[in-house]
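Colleague: Using the sequences provided together with the hints, build the complete structure.
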Amino acid sequence: MATVLRNLTYQGIPVWRNIFVIQWASQILSGVLVVVLVSWFFVNIGNAIQERDIPYGFSFLSREYQTPIGQHFLDYKSSDSFLYAFVVAATNTIVVSIVGVILATVLGIVVGVSRMSGNWIVSKAALVYIEFFRNVPLLLHLFFWFYIVLALPPVRQGYVIAQRLYINNGGVSFPWPSPTNAGLAATWVLAAVAAVIIGSVVRRRLTQRERETGQSSFPLVAGCAAAVVIGAAAWLILSAAGGAAPFVISQPEPQGTFGRISGGFTVPGGLIALLIGLVTYTSSFIAEIVRAGIQSVGRGQTEASRAVGLSAMSTLRDITFPQALRVIVPPLISQCLNLTKNSSLAGAIGYSDLTNVAKTMTQTAPAVSIFILIMAAYLAMSLTYSLIGNLYNRHKRFIGS
Amino acid sequence: MSANSVLSAPLILPPPRTETGMVGWMRANLFSSWHNSAMTVVATISLVLALWFGLGWILLEANWAVVPTLGGRIIIGQYNIEAACPGQNCFWRPQAALLLITALLGMAWAVAGGGVTKRIALVVGGAAAAFAFLPYGLDQMGLDVRLLLLANLPALAAGWALARYTRLGSASWIAILSVIAFILTLVLLRGIPGVPLLHPVAVIYWGGLMLNLLLAVAGIALSFPVGIVLALGRRSRLQVVKLLCIVFIETFRGVPLITLLFMSQVLVPLAFPENFPQNSLVRAAIVITLFSSAYMAENIRGGLQSLHPGQVEAARALGLPGWQTTLFISLPQAIRNVIPPIVGQFISLFKDTSLVYIIGMLDVVEISRAFIQGNPEYLANAKELFIFLALVFWVFTYGMSYVSRRVEQHLGVGER
Chain W
1 MATVLRNLTY
11 QGIPVWRNIF
21 VIQWASQILS
31 GVLVVVLVSW
41 FFVNIGNAIQ
51 ERDIPYGFSF
61 LSREYQTPIG
71 QHFLDYKSSD
81 SFLYAFVVAA
91 TNTIVVSIVG
101 VILATVLGIV
111 VGVSRMSGNW
121 IVSKAALVYI
131 EFFRNVPLLL
141 HLFFWFYIVL
151 ALPPVRQGYV
161 IAQRLYINNG
171 GVSFPWPSPT
181 NAGLAATWVL
191 AAVAAVIIGS
201 VVRRRLTQRE
211 RETGQSSFPL
221 VAGCAAAVVI
231 GAAAWLILSA
241 AGGAAPFVIS
251 QPEPQGTFGR
261 ISGGFTVPGG
271 LIALLIGLVT
281 YTSSFIAEIV
291 RAGIQSVGRG
301 QTEASRAVGL
311 SAMSTLRDIT
321 FPQALRVIVP
331 PLISQCLNLT
341 KNSSLAGAIG
351 YSDLTNVAKT
361 MTQTAPAVSI
371 FILIMAAYLA
381 MSLTYSLIGN
391 LYNRHKRFIG
401 S
Chain X
1 MSANSVLSAP
11 LILPPPRTET
21 GMVGWMRANL
31 FSSWHNSAMT
41 VVATISLVLA
51 LWFGLGWILL
61 EANWAVVPTL
71 GGRIIIGQYN
81 IEAACPGQNC
91 FWRPQAALLL
101 ITALLGMAWA
111 VAGGGVTKRI
121 ALVVGGAAAA
131 FAFLPYGLDQ
141 MGLDVRLLLL
151 ANLPALAAGW
161 ALARYTRLGS
171 ASWIAILSVI
181 AFILTLVLLR
191 GIPGVPLLHP
201 VAVIYWGGLM
211 LNLLLAVAGI
221 ALSFPVGIVL
231 ALGRRSRLQV
241 VKLLCIVFIE
251 TFRGVPLITL
261 LFMSQVLVPL
271 AFPENFPQNS
281 LVRAAIVITL
291 FSSAYMAENI
301 RGGLQSLHPG
311 QVEAARALGL
321 PGWQTTLFIS
331 LPQAIRNVIP
341 PIVGQFISLF
351 KDTSLVYIIG
361 MLDVVEISRA
371 FIQGNPEYLA
381 NAKELFIFLA
391 LVFWVFTYGM
401 SYVSRRVEQH
411 LGVGER
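Those sequence lines, one after another, are chains W and X. Sequential numbering from 1 applies to the first sequence in this note's numbering. Sequential numbering from 1 applies to the second sequence in this note's numbering.
None of these hints come from the bench; they were simulated from the model. Some hints here could point you the wrong way.
As the list claims (entries may be wrong) - To give a feel for the contact side, a few chain W residues facing chain X, derived at Cβ under 7 angstroms:
| hint | residue |
| --- | --- |
| 1 | Ile22 |
| 2 | Asn119 |
| 3 | Ile121 |
| 4 | Lys124 |
| 5 | Ile148 |
| 6 | Lys359 |
| 7 | Thr362 |
| 8 | Gln363 |
| 9 | Ala367 |
| 10 | Ser369 |
Claimed, not checked - Covered stretches of chain W (chain X as the covering partner; in silico rule of three or more C-beta atoms under 8 angstroms from a C-beta of chain X):
| hint | stretch |
| --- | --- |
| 11 | 37 to 48 |
| 12 | 337 to 345 |
| 13 | 377 to 389 |
From the three backbone atoms N, C-alpha and C, an ideal C-beta is built for every residue, glycine too.
Modeller: Take a look at the structure:
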């Protein structure tokens, strides 16, 4: 009788079916499991490092790297430290990333807008571009362009356009301003920046006045004129004061029998192949993002703006595109990140990017430390892009609301 | 048929001829305004010029001899060289694996009863059989190779008949048989020590398109379930699980795949005892799978977020336990909503298999590059080779996106 009663009375949920207990037990179990696995992995690596006498830690960073780096935008010589070599390699990646992102965005927007064009031929041409470029591995793009650059004639037999532009298997060389005097040049650059800022302020003021009073005062022309006048005035004053112009144009000139180009600015062939490959590949993805963004804006917006008499161009520039930007920017940022990460393929075509240099470093430095450094570097770049994207997004949302 | 319609009938004039047919279409799509007309003219001229010079180059100037020179290397890499396969011809093994695939496609055709599956089966079987008629001499491409390639058509028919007339003709059987076929393929390619015809071939000799396809199939099949688990984990109420999933996803998404592959080559062997059997192919497959599953998880999470919470609430109200709600209510709808990004991820996984060059595996891209590097006389023809490879990749990736569009249509995405 007593047993029956005990069975009939409610005794609470048994421990093994208590949802609270199950949840916590599974969490603790999975947490412990992962921690054990990860620590097993690293402890084993640590042991292996000690047994095989592989150096570890970060003390190698101050040692001399003693390996040349193919291309570098910062001054670099073999006696520089590992840390500095790492910074040089990271700069190479950052340069590719920034130039590539700008070019790919512009090209992507052009192709994406063409894809939405009412013109049948233009739209289909954009479709073919997108479908072809994004369906082929980036590595193939890079090899294709790289071997085209390699197959170009050497410097002495290379193409010369208007005695200024040299195209050959070493890369593309073109005239470039070179500073005569560092102080003078820096002063003029500061003045030029100030001129641009003043010009944009003038433009904004005049636009505001135009909006308030309805009187047209050509804000864009006036702004540009202000900037140019201030810049030119600074140039003349500095030239007179310093005895020489702040910058002179340096012309590329082939030297010697093998024709090494000196002067001007030379974009190395590897970098050109890398940029063309990355830009065409990424722009096909950006084009699809732009198309999706424009399609996300209701048809009524376009129809209404055409109905009030705006031209097709003005509709796109002032009505559709600004609204589409809200949809476009987040995936665009992730494409920019992809471009940055994809630039790690540069090693395959002989450009010294971060991954390529780090790969060479693992021969003389501990791989674990290098791996941590690379991860930190790429993470920093990702976070910077995400931050810019998020700031822009917030800015857009405030104006919209 | 009231008097009204009789009266109004003659009043309905046909549209002007300039608004219908070819002329109307051109007016609407090519010459709707003056700048549209200008664009049409410029675009047409540049397209005609591009086609003229492009076709001229392809037909007259380009030297495509580099492609047949590489020949079988494009498909199987170094699998058949003397060092990989001493004293015997191993070419029949990848071909036998191909026969398994065509047989499976035949079965799928019989089960699906036509449509895309039929078309894919016919294209694959037909293309494989067509390779038998390549104009090589018999010393370069033996009779055995040609016969095995031709056997793809009977294999297709056999698979079709098997599914049609036996009890194996169901989707679940095909799924099981696909897994068996994949394992059989791996065994065939790897070989078994001691068996006369199946001399083991080390994975470093696997290469060419075969390697890309193997890695892609393994990566797609594994990263999909791992991605689902990670996506569910990231949305879990269990804080520890959620944190672990976030850390995993963000770490793998933050680093380039090529860095991960390289580090797997340098670091992972250190974590195991020195005599532990190491296999660079397995390592590459695992790294590609984990990398892809991190992206897959984010896609699936997007699908889960797009789901109306009412669905889950209704399922719980009907008394379905949590796992059944997830498995039968949330996931099917969530995945249906994000088919395009998921297939996009599959496509980029397939393209990313070309990155295994960093760990010294000779996939189809790397073996071509190595060939050009080793034979400088073909340096000027590198672009022909890479254009050909681009077309090969394009056929596969475009096929994938075509199938995804058909699947979407079949599931009625955007209609229901």
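Colleague: All hints are to be evaluated individually against the structure, with a verdict given for each.
Modeller: Here's how the hints hold up against the structure:
no.	hint	verdict
1	Ile22	10 angstroms, violated
2	Asn119	5 angstroms, holds
3	Ile121	5 angstroms, holds
4	Lys124	9 angstroms, violated
5	Ile148	6 angstroms, holds
6	Lys359	6 angstroms, holds
7	Thr362	6 angstroms, holds
8	Gln363	10 angstroms, violated
9	Ala367	4 angstroms, holds
10	Ser369	11 angstroms, violated
11	37 to 48	holds (count 6)
12	337 to 345	holds (count 4)
13	377 to 389	holds (count 3)
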